[in-house]
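For reference, the chains in residue letters:
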Amino acid sequence: MNASVEPAAVTATPARPAKRRKPLPKPLAFCARLCRERPLGAVGALICLLLLFTGIFADLIAPQGYNAINPIDRLKAPSAEYWFGTDQLGRDIFARVVHGARLSVIVAFAATTLSIVISALLGILSGYFGGRLDMFIQRLVDGWMCFPDLILLIVAVAVLGPGTWQIIVILGLLFGISGSRIVRGAVLSARQNVYVHAAQSMGASSTRILWHHILPNVMAPLIVLYTTRLAAVILAESGLSFLGLGIPPPSPSWGGMLSLDGRSYMFQAPWLAIIPGIALTVVVFGINMFGDALRDMLDPRMRGGSGRYLARVKRAIGV
Amino acid sequence: MNMKADVTRRTLLDVQDLHTVFEKDGNEVHAVNQVSFDVKEGEILAIVGESGSGKSITAMSLLRLIPSPPGRIVGGRVLFNDQDLLDLDDEQIRRLRGRDIAMIFQEPMTSLNPSLRIGRQLAEPLRVHGSVPKEKVRERCLELLRQVRLGDPEKRLDAYPHELSGGMRQRVMIAMGLACLPKLLIADEPTTALDVTVQAQILELLRDLVRANNSSMMLITHDLGVVARYADRINVMYAGRIVERGTAEEIFHHPKHPYTLGLMESMPRLDQAPGSRLTPIPGQPPDLSDPPPGCPFHPRCRFAEARCRSERPPLEQITDNHWKACWVDTDAKR
Amino acid sequence: MGAYVLRRLLALIPTLLIASVIVFGVVRLVPGDVLDLMLSENAYSSNAPDDRAQLEKALGMDKPLYMQYLSWAGNALRGDLGESLWRNTPVTEEIGARLGVTLELGILALLIALIIALPVGIFSAIRQETLADNVGRSFSILALAIPNFWLGTLVVILPALWWGWSPPTEMTPFFEDPIENLKTFLVPSLILGTSLSAVIMRMTRTMMLEVLRQDYIRTAWAKGLRERSVVLVHAVKNAMIPVITLVGILVPILFGGTVIIEQIFRLPGLGQLLLEAVSTRDYPIITGVFLVTGVVVMLVNLIVDLCYGYLDPKVRFDR
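Listed in order, the protein sequences are those of chains A, B and C. Residue numbers for the first sequence follow the UniProt record's numbering, so the first one is 1 and each next one is one higher. Residue numbers for the second sequence follow the UniProt record's numbering, so the first one is 1 and each next one is one higher. Residue numbers for the third sequence follow the UniProt record's numbering, so the first one is 1 and each next one is one higher.
The following block holds chain A by itself, in its conformation from the complex:
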């Protein structure tokens, strides 16, 4: 007797004639959505673009180069001539910050790309083929992740020696391994989807399933991972350079400019301590904001719902 009168779809709104409007091209529509829904994300995107622009055109913006020593103008305060002042060797801080942006861009993109490739390979290998291989890889990743990033980095630098390419390889490897977990998770959930079962039963080859069914599902988390990793890589590189273990001088790494070697001069010339830090903070802020917005818009799964606590934990810190 207990009859339910609940209609199936109660939230649906009555159908209305669809408004006809010319659809924007995809990237433009995305930008419009970004500005409308996540204004801070749009600001972040702008900062990222500015960083890229500065990095690419560093030679045009600061043609004198990052290492033009000018002993007469040592430790000059910011002025019309030297916008950000000069350091103890009379080098223009503005030029060094601009070329530092180039260095950051190179390291960040190279190391992040490497890390994403490693994450994707490991994650897909582990998640898609499963079984013993998965077991083995996961235990290795477990062990690897016991070690603090910075300690691993320092030990690795001690072993490989400092230098730009070493830093890129080390950072790529480090973040690549820890990021494989996220890819693995995405692969696992994609694999469970019914259509993959269907494709498998129809006798499709593994590579075909990977290419057509798994990869598209992994793309969104990968893009999100890429942006969060960019900030992490920039911070890690500058931290290492700060400790004197990163990119050796005279390369203008922002972290290196803040390093302890120059500490004694900073008391006389505080801009030495302030300017590179601001550059670093603004860039990391920009990438964070853009990454957050991107994640919410591209990968709703990572937004998590109730009960997806761990996903949220990981998201909050960008692991």
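Hint data in this document are derived by calculation from the structure and do not stem from the laboratory. Remember, it's a predicted structure, so these values are computed and weren't measured experimentally. Heads up, none of these hints are tricks.
In silico DSS-like links for lysine-lysine, alpha-carbon gap of 30 Å or less:
1. B/LYS24 to A/LYS26
2. C/LYS237 to B/LYS136
3. B/LYS155 to C/LYS314
4. B/LYS155 to B/LYS134
5. C/LYS237 to B/LYS134
Simulated coverage check for chain C against chain B, where a stretch passes if three residues somewhere in it have a Cβ under 8 Å from a Cβ of chain B:
6. 225-234
7. 299-313
Each residue gets a CB set at the ideal place from its N, CA and C atoms; glycine is no exception.
Based on the hints, put chains B and C in the right spot on chain A.
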């Protein structure tokens, strides 16, 4: 069922022109729109409607449990023992909740805190309202669990919610609702999430306990079958308004509003010819942020006339114990 | 609960094993022989072949690799991590002398982070969209972008410039004079704690908002509980479960932070030991510190798991 249509009973709760809106994407959604009804002492009153009709929001508005933002009670009066609950300050309404008016929610699986033991949660209303001396709290909890016929009450007190089944949890919820012997119990779809066999048990239990405590109950449901069996009077809600009201007998046997008629026809009945088809109500409930002009039901109504599309019918008394909000004489047209 | 603890302890063994292999592998399997490096250092200036053979034998490097690992791991289990190459002191002794400083810094920083983050995060969530909430959120967005080594540098430089004040850098042992000792640690742990608190605050707020939407919170209100009880009894405990997980994930990051902060404030902790060892290529020390950090992180994760079991009854009873 001897209390039906007993007009001499004292009014416990008198809701007048209650109006609750929700903010949604910059639009105002009138979830509860000028709703008036009353609950008499010792009565079981049902509010029936599809989900989204505003019945749960009505219930939550009474105790001011509407999440705000986005919700807001914008008008009306809720007189409980002649005192307007909407005028009380936060502390006063808090003292009333759980003690004078208790509420049971529709999701027993999620309405208990997963990280606290049953005993702790059950004792809370007793402790906060000081209904029982401290040393007697445990005893009272056991008594309550026995009342709701939960086996092995001693053991249940130390259990966590995830160790109980849905039916058991709903019994705990009922025990919690009845803990302070409230004058009014609001049961919001208390059985929706449960198995059919358990549903009947729980409803019987609710009715018996409410009667035993001499309390009143407001039963909110989408299930006319439930209503017919347990309620004294019925309010039918559609699109945030009450469209028909009357004693259970009247509504069940002589429904007048086309929406109520539709509900009856979409429900399987024993007195139906075998093999005859159920007729669902066509269409869907209106978007409350942009309701249709006139009678909100007219787009789905088979009796709709020109007037229905332009003018909203008021709730009018048609017999001693029957009200409806409809321009059409449905009896004549049927 | 006892079985749960035991299970967690047992699960630690394979991870520990893999971690030790990683430590051994990263330091040993590097391009460029450790021996050559050591022989080229001035301590072994005479480059005679028998010198090399002697050293090889002394370090047990003439044996096959797995034998080397087994003897190293066996010794490590007995608490013998070898001797410092240049100082001839046992590595365990060196580490023991420094571990306390790092732990104190880390624990203080974590405490400060929690003391700031939990109340602000909780308040931010229950008073959503108020001025306090916005201030808290802006703080965490900012603190997430500011690298801690820059913040540390500024704290050393700017007050010295403005008021002639600089944080104490002379460390007093805790048991000699706890007050003086805490004074030394206050500023460093504040800086470290601030950057940690940003992440925890953000997480706490998100989780509180999530929990406050739950049905059982509505039940708690309907019972007539005071706001204090609803928030502290019903919401916080459930919101803390993911926050605890987050703290576990943050510990390695915290460890990395101590290295940098120790360097800025000249605190003689593990990080400084590691950096010294890196600059002198003292491989036994590097290996030892590397291993110890891994083990500490594992132990902290164990504690986190136990807290998790305490907070979430399902974890305790399931399986």
